Amino acid sequence: MDAVISDPAMEHAHSAIGGFVARCALLDYRVSQFMARWFCSHEKQKFLSYTLKAMPFVEKRQVIEERLTNWHTDPEALRTTMSDIASVLERRNLVVSGVLSRRSSGALCVKSFSGARFISEPGAIDIIDIADLAALSEKASELAERVMALGLGLKQGGN
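Residue numbers (this note's numbering): 1 to 159.
Hints listed in this document are in silico derivations from the structure and should not be mistaken for laboratory results. Computed from a predicted structure; not experimentally measured. There's no promise every hint is true.
Using 30 Å as the maximum straight-line C-alpha spacing, the simulated DSS-like pairs for lysine-lysine come out as follows [unchecked claim]:
1) 60 - 139
2) 60 - 111
3) 53 - 139
4) 53 - 111
5) 139 - 111
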């Protein structure tokens, strides 16, 4: 039986990927909590909170921007945060759907395996260097905290 020698760079890459995906899961959960806080405060709409929590982020963002910005003390901050979250979660989708690869320089990266586009920013390419995942993880954590703070700005009342 041959001994398998592990590659420390690959181990680090898998760890970075797992950490980033976990922080994005928390971020998505915080967005769901943000929505539920408002919808559950209205008896007629309490049932909606359960349905909305199960939606993908794109649909959650639409509901937040179309309905909850009317009930927030700082709607522009809410829209900006949703845009920032969308950017991070696009990268999460690339990481979970992509393939771990090496660039010609030898640096590890995640890229789209299918050729599908995940990152919608103009001029962006669907390749994320593993070295960039730590900063993206921090961004996801910061956004999760920002969403919770924005939840305090929701006004009572509603339609």
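Hint check:
no., hint, in the structure
1, 60 - 139, "19 Å, holds"
2, 60 - 111, "26 Å, holds"
3, 53 - 139, "22 Å, holds"
4, 53 - 111, "29 Å, holds"
5, 139 - 111, "20 Å, holds"
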